[in-house]
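From first to last, the protein sequence lines are chains Z and B. When the letters of the first sequence are read in order and numbered with our numbering, they come out as residues 1 to 262. When the letters of the second sequence are read in order and numbered with our numbering, they come out as residues 1001 to 1227.
Simulated from the structure, these hints should not be mistaken for lab results. Owing to the predicted nature of the structure, the values given are computational and were not obtained by experimental measurement. Glycine included, each C-beta is placed from N, C-alpha and C at the ideal position. Among the hints, erroneous ones may be present.
[As the list claims (entries may be wrong)] Below are the DSS-like pairs computed for lysine-lysine, each with C-alpha atoms no more than 30 Å apart in a straight line:
no.	chain 1	residue 1	chain 2	residue 2
1	Z	Lys252	Z	Lys100
2	Z	Lys100	Z	Lys132
3	B	Lys1046	B	Lys1152
4	Z	Lys48	Z	Lys34
5	B	Lys1167	B	Lys1152
6	B	Lys1046	Z	Lys90
7	B	Lys1046	Z	Lys34
8	Z	Lys47	Z	Lys90
9	Z	Lys27	Z	Lys48
10	Z	Lys151	B	Lys1152
11	Z	Lys152	B	Lys1152
12	Z	Lys152	Z	Lys90
13	B	Lys1009	Z	Lys133
14	Z	Lys206	Z	Lys100
15	Z	Lys100	B	Lys1167
16	Z	Lys129	B	Lys1152
17	B	Lys1167	B	Lys1009
18	Z	Lys27	Z	Lys100
19	Z	Lys152	Z	Lys100
20	Z	Lys206	Z	Lys48
21	Z	Lys35	B	Lys1046
22	Z	Lys239	Z	Lys260
23	Z	Lys27	Z	Lys239
24	Z	Lys133	Z	Lys152
25	Z	Lys202	Z	Lys239
26	Z	Lys133	Z	Lys100
27	Z	Lys132	B	Lys1152
28	Z	Lys27	B	Lys1046
29	Z	Lys239	Z	Lys100
30	B	Lys1019	B	Lys1167
[To be verified] Cβ pair distances, simulated, as ranges:
no.	chain 1	residue 1	chain 2	residue 2	range
31	B	Arg1051	Z	Asn134	51 to 57 Å
32	Z	Pro191	B	Ile1022	56 to 62 Å
33	Z	Gln158	B	Ser1122	19 to 25 Å
34	Z	Ser157	B	Gln1121	19 to 25 Å
35	Z	Asn134	B	Ser1122	50 to 56 Å
36	Z	Lys129	B	Val1174	51 to 57 Å
37	B	Gly1076	Z	Asp79	57 to 63 Å
38	B	Tyr1214	Z	Thr207	50 to 56 Å
39	Z	Phe33	B	Ser1023	37 to 43 Å
40	B	Ile1030	Z	Lys129	42 to 48 Å
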Amino acid sequence: MFNLFNMHNSGTTELNTSEFNTVIDVKNVFKTFKKLHVLQEVDLSVKKGEVVTIIGPSGAGKSTLLRCINQLESIDNGDICYNGRSIMDKSSDIDTIRQKIGMVFQHFNLFPHLTVMENITLAPINLLKMSKKNAAEIGMSLLNKVGLAEKKDAYPSQLSGGQKQRIAIARSLAMNPDVMLFDEPTSALDPEMVGEVLQVMKDLAKTGMTMIIVSHEMGFTREVASNVVFMDSGRIIEKGSPNYIFNSSDNKRVRSFLQKVI
Amino acid sequence: MSILDVFFKYSDMFWAGTKMTISISFFSIIGGLIIGIILALMKISKVRGLRWISNAYVELIRGTPVLVQIAIAFFGLPMLGINLPSIDIGGVSIDRMLSGIMALTINTSAYICEIVRSGIQSVERGQMEAARSLGFNGHSAMRLVVLPQAIKNILPALGNEFVTIIKTSSQVSVIGMADLMYTANTIQGISFQPMQPLIIVAAIYFMITFTISYGVRFMEGYMSKSN
Ligand SMILES: Nc1ncnc2c1ncn2[C@@H]1O[C@H](COP(=O)(O)OP(=O)(O)OP(=O)(O)O)[C@@H](O)[C@H]1O
Ligand SMILES: [Mg+2]
Chain Z
1 MFNLFNMHNS GTTELNTSEF NTVIDVKNVF KTFKKLHVLQ EVDLSVKKGE
51 VVTIIGPSGA GKSTLLRCIN QLESIDNGDI CYNGRSIMDK SSDIDTIRQK
101 IGMVFQHFNL FPHLTVMENI TLAPINLLKM SKKNAAEIGM SLLNKVGLAE
151 KKDAYPSQLS GGQKQRIAIA RSLAMNPDVM LFDEPTSALD PEMVGEVLQV
201 MKDLAKTGMT MIIVSHEMGF TREVASNVVF MDSGRIIEKG SPNYIFNSSD
251 NKRVRSFLQK VI
Chain B
1001 MSILDVFFKY SDMFWAGTKM TISISFFSII GGLIIGIILA LMKISKVRGL
1051 RWISNAYVEL IRGTPVLVQI AIAFFGLPML GINLPSIDIG GVSIDRMLSG
1101 IMALTINTSA YICEIVRSGI QSVERGQMEA ARSLGFNGHS AMRLVVLPQA
1151 IKNILPALGN EFVTIIKTSS QVSVIGMADL MYTANTIQGI SFQPMQPLII
1201 VAAIYFMITF TISYGVRFME GYMSKSN
């Protein structure tokens, strides 16, 4: 079960990083859109191998937090560190950092003008200067993992939503990221397709991938998450194990939110 | 004289006019594409000054008649001390041709700019974000992900603009360029036939524009294989 997905260099990069290393460290982050406070005093640290699920009502700032972590949005105040280094630092090259932070979007955002295989190999070929052949081999093994090997020459428009999302996950994994961010990866899917995507994510979690997931899939969260974060109005209100959040927390907002979604 | 008599009697002149119309249109389209794409990238750039220049250029060109632009390019530039070389190559005076091409290039680039800009903006924002989050810088994301999709989206509008340029090029006859329209005028004068030369050049214009429309439609079909 180990390293199902991690095939570039098993072991070598882990040498100098201890098991308890913090991969993502969000420190006292503030963010506003115009006058709207979207993130306030947000602290979140994610250790290697952890699966953190962010839940909370619409407009809480969950997507914005994810997007700040890979700098699709800038922050107004505070700091975000990746493997101990501030990504705000002038010496940090955000393009290189983003290569190591995979992102999966609610609406997949596959490149419609490219085939499935080209979607997966575009970044390895152009950014890692991998040979076409080498990239295609990695692409093929990723396609096998997500169960879509026979779709390698299809265009995204020929795929179902669930298939598109599995390809989008494979596309991110092709860069061999240290951490994967998921923004409601199943909420644009027809109900019968949710399972196949969650299964791929479960398999990925078992390989030890560090994951931050915005999701309303409570069953999945109970089963897979090491930590759950509850956000409301731009703030992190509660944090804890799934058991704590779902069963023990007596925070009113958490309780009323959970009553609505479960 | 029947229309066919007119056509065969002056076929050399019609042929020369056709070549002239096609070559000024061709060079104007190439020039217009290059400048138009640059203007479009300026228009969506983060630098306010670049956006301002591009906006002003587009508004100015689209808000003035092409005939005036052609006249300015031909009569105005020498007055400003800008003299294009006045050489004849194969009976074609280069200065007239250059000012004609220049005016048409400037004119079409403003329209092409708008077409390209709307094409780029018609590509969902998520495409750029997906490319950026894989680690591509802005330029590579534009080149590998956004522009290929934009080109597909703008092909029909671009085809229209090419057709428009062919038709607009008829106006350079006012500065004495021997294009199709000029040829029609000349033959009207020497043959004393007011109607037939015009019908013949109308037919030639139509054949050129129809070929372009058809070619663009073919390209669209070819590029839509991923739909
Ligand atoms: N680009 C933007 N410009 C202005 N306001 C924005 C922008 N993006 C988000 N917002 C606002 O910021 C707040 C937080 O948005 P965000 O998308 O992070 O919420 P969310 O928790 O992901 O909600 P949902 O569950 O609906 O996806 C919302 O009030 C939203 O309207
Ligand atoms: Mg959201």
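Numbers of unmet hints, in rising order: Per hint list: 1, 4, 12, 13, 15, 31, 35, 39 and 40 violated.
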